[in-house]
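> Listed below are the residues making up each chain.
There are 2 protein chains.
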Amino acid sequence: MLRSIGRQWRCSAAFQCHCSNPVRRQQPLAPSSVERAFSTTVGQQVKAQQQQQQLVQEQQQQMNKIDEEVSRLLALKAKLGGDAAPTNQKFTLKTPKGTRDYAPQQMTLRQGVLDKIIQVFKRHGGEAIDTPVFELKEVLTGKYGEDSKLIYDLKDQGGEILSMRYDLTVPLARYLAMNKISSIKRYHIAKVYRRDNPAMTRGRYREFYQCDFDIAGTYDPMLADAECVKIVAEVLDTLDIGDYVIKLNHRQLLDGMFEACGVPAKDFRAICSAVDKLDKSPWEEVRKEMVDEKGLDGAVADKIGEYVRLSGGKELVEQLLADAKLKAVPNAVKGLEGMQLLLNYCGLFNLESRVSFDLSLARGLDYYTGVIYEGVLKAEPGAVGSPVKASPVLENGKPVAADQGSGTVGSVAGGGRYDNLVGMFDPRGKAVPCVGVSIGVERIFAVLEAKFAASNVKLRTNDVEVFVASAHKGLHEQRLRVLNQLWDAGIKAEHSYKLNPKLLAQLQHCEEHQIPLAIVLGDAELAQGVVKLREVSTRQESTVPLAELANEIRSRLKA
Amino acid sequence: MLRSIGRQWRCSAAFQCHCSNPVRRQQPLAPSSVERAFSTTVGQQVKAQQQQQQLVQEQQQQMNKIDEEVSRLLALKAKLGGDAAPTNQKFTLKTPKGTRDYAPQQMTLRQGVLDKIIQVFKRHGGEAIDTPVFELKEVLTGKYGEDSKLIYDLKDQGGEILSMRYDLTVPLARYLAMNKISSIKRYHIAKVYRRDNPAMTRGRYREFYQCDFDIAGTYDPMLADAECVKIVAEVLDTLDIGDYVIKLNHRQLLDGMFEACGVPAKDFRAICSAVDKLDKSPWEEVRKEMVDEKGLDGAVADKIGEYVRLSGGKELVEQLLADAKLKAVPNAVKGLEGMQLLLNYCGLFNLESRVSFDLSLARGLDYYTGVIYEGVLKAEPGAVGSPVKASPVLENGKPVAADQGSGTVGSVAGGGRYDNLVGMFDPRGKAVPCVGVSIGVERIFAVLEAKFAASNVKLRTNDVEVFVASAHKGLHEQRLRVLNQLWDAGIKAEHSYKLNPKLLAQLQHCEEHQIPLAIVLGDAELAQGVVKLREVSTRQESTVPLAELANEIRSRLKA
Chain A
1 MLRSIGRQWR CSAAFQCHCS NPVRRQQPLA PSSVERAFST TVGQQVKAQQ
51 QQQQLVQEQQ QQMNKIDEEV SRLLALKAKL GGDAAPTNQK FTLKTPKGTR
101 DYAPQQMTLR QGVLDKIIQV FKRHGGEAID TPVFELKEVL TGKYGEDSKL
151 IYDLKDQGGE ILSMRYDLTV PLARYLAMNK ISSIKRYHIA KVYRRDNPAM
201 TRGRYREFYQ CDFDIAGTYD PMLADAECVK IVAEVLDTLD IGDYVIKLNH
251 RQLLDGMFEA CGVPAKDFRA ICSAVDKLDK SPWEEVRKEM VDEKGLDGAV
301 ADKIGEYVRL SGGKELVEQL LADAKLKAVP NAVKGLEGMQ LLLNYCGLFN
351 LESRVSFDLS LARGLDYYTG VIYEGVLKAE PGAVGSPVKA SPVLENGKPV
401 AADQGSGTVG SVAGGGRYDN LVGMFDPRGK AVPCVGVSIG VERIFAVLEA
451 KFAASNVKLR TNDVEVFVAS AHKGLHEQRL RVLNQLWDAG IKAEHSYKLN
501 PKLLAQLQHC EEHQIPLAIV LGDAELAQGV VKLREVSTRQ ESTVPLAELA
551 NEIRSRLKA
Chain B
1 MLRSIGRQWR CSAAFQCHCS NPVRRQQPLA PSSVERAFST TVGQQVKAQQ
51 QQQQLVQEQQ QQMNKIDEEV SRLLALKAKL GGDAAPTNQK FTLKTPKGTR
101 DYAPQQMTLR QGVLDKIIQV FKRHGGEAID TPVFELKEVL TGKYGEDSKL
151 IYDLKDQGGE ILSMRYDLTV PLARYLAMNK ISSIKRYHIA KVYRRDNPAM
201 TRGRYREFYQ CDFDIAGTYD PMLADAECVK IVAEVLDTLD IGDYVIKLNH
251 RQLLDGMFEA CGVPAKDFRA ICSAVDKLDK SPWEEVRKEM VDEKGLDGAV
301 ADKIGEYVRL SGGKELVEQL LADAKLKAVP NAVKGLEGMQ LLLNYCGLFN
351 LESRVSFDLS LARGLDYYTG VIYEGVLKAE PGAVGSPVKA SPVLENGKPV
401 AADQGSGTVG SVAGGGRYDN LVGMFDPRGK AVPCVGVSIG VERIFAVLEA
451 KFAASNVKLR TNDVEVFVAS AHKGLHEQRL RVLNQLWDAG IKAEHSYKLN
501 PKLLAQLQHC EEHQIPLAIV LGDAELAQGV VKLREVSTRQ ESTVPLAELA
551 NEIRSRLKA
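Residue numbers (the working numbering), protein chains in the order written: chain A, 1 to 559; chain B, 1 to 559.
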């Protein structure tokens, strides 16, 4: 309770700063003097907690008064007509900060990526669900730690207090608890919202897609976890966006390692959050954060430093199981045994060359309880300065910069096991163990957009198969008749919405939009019940009877 | 300007009531005494307008003061930690009012409907776009008339003031103006948000899907408009949800008719909004609203009553073109000529039996300027009390009850021409004429859900093709090897996440989930390099070499 209050204070302090002078949320805030004072003896802690509780009650009373006053003033404003702003007001035409429109070209790319991901999810038996874009604020409260300040709240317009979803995992947990579902393999592809500092040219937005696959249910160890790792590999293989590695670690092992090194239990999450920065900061900086900002003993930090530099495969697990410090800590042994089993299953899935047991992988979110993993694109040889190399990566809304040491360029997938989240929503705390993976598609869109921009390839943004053109004036009714015949036969067809368009303009439209076929109507041909069918790319024309048009087009399109 | 201010006052008054005691938003508000006083002479109007402007300025100053005070108080509250609610708080597990989750079964149904609609949109050359779920509040301001009070606002957390999109049409207009796009055929399928009084069991939500197809560009009359009507017909045909009629009318004709009947020009929209209720209220009630609430002369109302009872086809257009009162009004003649052309094109699209020129069709939204249309499901013979008959219909978030006279049950599509909306966003007022259609899919989902519930047919919610089962203990690693082989071959496969599941339980899972094939692994078979392949529905088993498994499964699935 004390800790939680302390964190809330930090939270809202950061929120205040964020408005005028945004604070990097990765940057840790030093513990307040109040917090330090409390961390001495239990007796002092209890006393301090009582004082803190009284303080909270007083604050609550003050806040209630403010709420009343704000409601009164807002009601007054509404009476004055304040909710209906004057029309015809000039303002900058833009989308909200950190958001973007998707133009047809981008939609085509996006849909292509999502379709491939869905195919993988379905190959593993995934069922789709959907949840509302906003949730009761209480559903999100206390699930994201310091990141809570990035949640978008809706205005209190009377009724429930709502917030925009921050991820798809907490809504899933709410859905499972609410419907008393104890097992499901579900995927969910939808937008989530974070009031972060956007870096949009680098694929980092305030509104962005998440593609999640999660397996909920009480099962034998690591079978579902290994399948999630397999899914990451299949998605990255099918998207073909470059070489990658899937880093693996285990929260229990991390906690056991911290214990073995002598980190106080209350500091596990804070130290874990420092370790999480190793993919973008050198060890010296992370050590400095641990010691200077989080008050860790320098010698303890150095012990951690020795472990988090390790990565490897099964042999590393063996080595650590034999490590004197670790084997004395039950959590470390359990974590290592879990890793051993996971690596064994990954081997059966032919993933040896893809996975790397990496003790520096920590992941930001509080709710993980077991295996964690992250799919990371490797720098392509000689690709320094390429869009892939240059762009930081969207991962949980935070940019993940290049790890200069390992030559990786950024995380495009991540996830892990969270066994306690559903239980937080169940009135009796009934847990539903879960493991899942989230594909960072915005980052993947950004990589592919850059690739396409560089290649000068123009994606088709519609699927029109045939354009119906007039060779001369006065044929628009004939065009409509032919179009109707084609549409009714299921053929994708369009025409100019002008009565008498120029033939050249119509044919140019076909070439620009890569429409494969054009029908050219003319009085002379129509009198004989035929039309000209033109292959746009070769400009070859042939004569086809009107009655056979749909069949002829279908067979041309097949060829 | 005066008129606009008057309406805003009404708006916020309605908003006030809405909080505690919701007012039916279809219910018109009587003109204020201020408004009546202004409607006498021009001189008086000018004077009154000046007074009104001064009043508005004073109000604006008061509102600014309130804003300052509210900001100050909210900042104080944030400092007190008010934004971080206590964790582990017990609350009712639910989705926000007026929203729902989609379970896998509902998602399957929904995806099936959306896929069919997208197919129609693509057949007409539609390109997809997407826009953010929220917009700058100013983008939505002044576009929806009285309905503006139903817009969801986001909380002011520092930065831009945002609102959730209310439809997909205003965001399209913003997109076109912002990107200076003068022609596009686009579709957009996404959720929109309205703080309406939900009636969820009847398909009326606060978060709901819209499926829009719009044609923007300066084209010859009625060609694009007629194609939108054709699209409505194709969508309703492909969804096969019952017999329907597409009602057609023209805003210019409505205005011309009002003028011919002697309605003052300033009352056109208010009287139009009364006419809009004819699909759910008898003429007597609508007349009462016109006379008692909107101050229309009884004789004028009676003249309107004669016209709005008319519906028919081309012959009705001829009859009205010959009507002495109407032919004296240029707007009426233009509207009728437009209808004549539209009906001609509808004929070329074989839609004579589907369309009905209906003078009672008015549609709610302010922004329509030309053709308007609405696709309405007819009551099936003998279907009284069926879900289709019983449920009111979602249309622009309002329920549309059965028209007892014509036997129709509700609108499932609607749209029209809006030539001035894009210009409202362009700094120089450059117009981009648009015509579009919106499919009311929530209503369609509700109809189909009711049908499925009645039929007891169980939809498959995943696509698993083969289940990999163990005949006895100790085979989980073999299962993983076989699964890996199948996944890599692109086959959709799953297994139990238990080490030693019971064979009967595994086979029951296959039958329950309608998985077509099961592989049964056993030591005896594996020793010979073979497995048993079982057809789940017939329970027939055959022996297949492991090496040929993927090919054998593919050929079985094809058959």
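Wrong hints could be hidden among the right ones.
[Said to hold, decoys possible] Here are a few chain A residues that sit away from chain B, every Cβ distance over 10 Å (derived from the structure):
| no. | residue |
| --- | --- |
| 1 | Pro96 |
| 2 | Arg269 |
| 3 | Lys492 |
[As the list claims (entries may be wrong)] To give an idea of the interface, some chain A residues facing chain B are shown, with a C-beta separation under 10 Å as derived from the structure:
| no. | residue |
| --- | --- |
| 4 | Gly529 |
| 5 | Lys532 |
| 6 | Val536 |
[Stated by the list, open to error] With a Cα cut of at most 16 Å, we get these calculated EDC-like pairs of lysine to aspartate or glutamate:
| no. | chain 1 | residue 1 | chain 2 | residue 2 |
| --- | --- | --- | --- | --- |
| 7 | B | Lys155 | A | Asp153 |
| 8 | B | Lys97 | A | Glu138 |
| 9 | A | Lys498 | B | Asp220 |
| 10 | B | Lys137 | B | Asp115 |
| 11 | A | Lys116 | B | Glu477 |
| 12 | A | Lys97 | B | Asp156 |
| 13 | A | Lys94 | B | Glu512 |
| 14 | B | Lys458 | B | Glu541 |
| 15 | B | Lys116 | A | Asp488 |
| 16 | B | Lys97 | A | Glu160 |
| 17 | A | Lys122 | B | Asp463 |
| 18 | A | Lys473 | B | Glu160 |
| 19 | B | Lys122 | A | Asp463 |
| 20 | A | Lys97 | B | Asp488 |
| 21 | A | Lys94 | B | Glu160 |
| 22 | A | Lys97 | B | Glu512 |
Honestly, the hints are just simulated from the structure, not real lab data. Just so we're clear, the structure is a prediction, and the values are computed from it rather than from any experiment. Every residue gets a Cβ at the ideal spot worked out from N, C-alpha and C, and that includes glycine.
> Taking the hints in turn, state whether each one holds.
Hint check results:
1. Pro96: It is violated; Pro96/A is separated from chain B by about 5 Å at its closest Cβ, not greater than 10 Å.
2. Arg269: Fine: 14 Å to the nearest Cβ keeps Arg269/A off the interface.
3. Lys492: Lys492/A is in fact no farther than 10 Å from some Cβ atom of chain B, at 5 Å.
4. Gly529: violated, 18 Å
5. Lys532: violated, 21 Å
6. Val536: violated, 15 Å
7. Lys155/B - Asp153/A: Roughly 5 Å separates the two Cα atoms, so the pair holds.
8. Lys97/B - Glu138/A: Roughly 14 Å between the alpha carbons, so the hint for Lys97/B and Glu138/A holds.
9. Lys498/A - Asp220/B: holds, 5 Å
10. Lys137/B - Asp115/B: violated, 32 Å
11. Lys116/A - Glu477/B: Not satisfied, since the Cα-Cα distance of roughly 28 Å exceeds 16 Å.
12. Lys97/A - Asp156/B: Distance ~14 Å between Lys97/A and Asp156/B Cα, so the pair holds.
13. Lys94/A - Glu512/B: Violated, because 51 Å separates the two Cα atoms, which is more than 16 Å.
14. Lys458/B - Glu541/B: Between Lys458/B and Glu541/B the Cα gap is close to 25 Å, so the pair fails against 16 Å, i.e. violated.
15. Lys116/B - Asp488/A: Distance ~14 Å between Lys116/B and Asp488/A Cα, so the pair holds.
16. Lys97/B - Glu160/A: Holds, at about 8 Å.
17. Lys122/A - Asp463/B: holds, 6 Å
18. Lys473/A - Glu160/B: violated, 52 Å
19. Lys122/B - Asp463/A: The hint holds at about 6 Å.
20. Lys97/A - Asp488/B: violated, 42 Å
21. Lys94/A - Glu160/B: holds, 11 Å
22. Lys97/A - Glu512/B: violated, 48 Å
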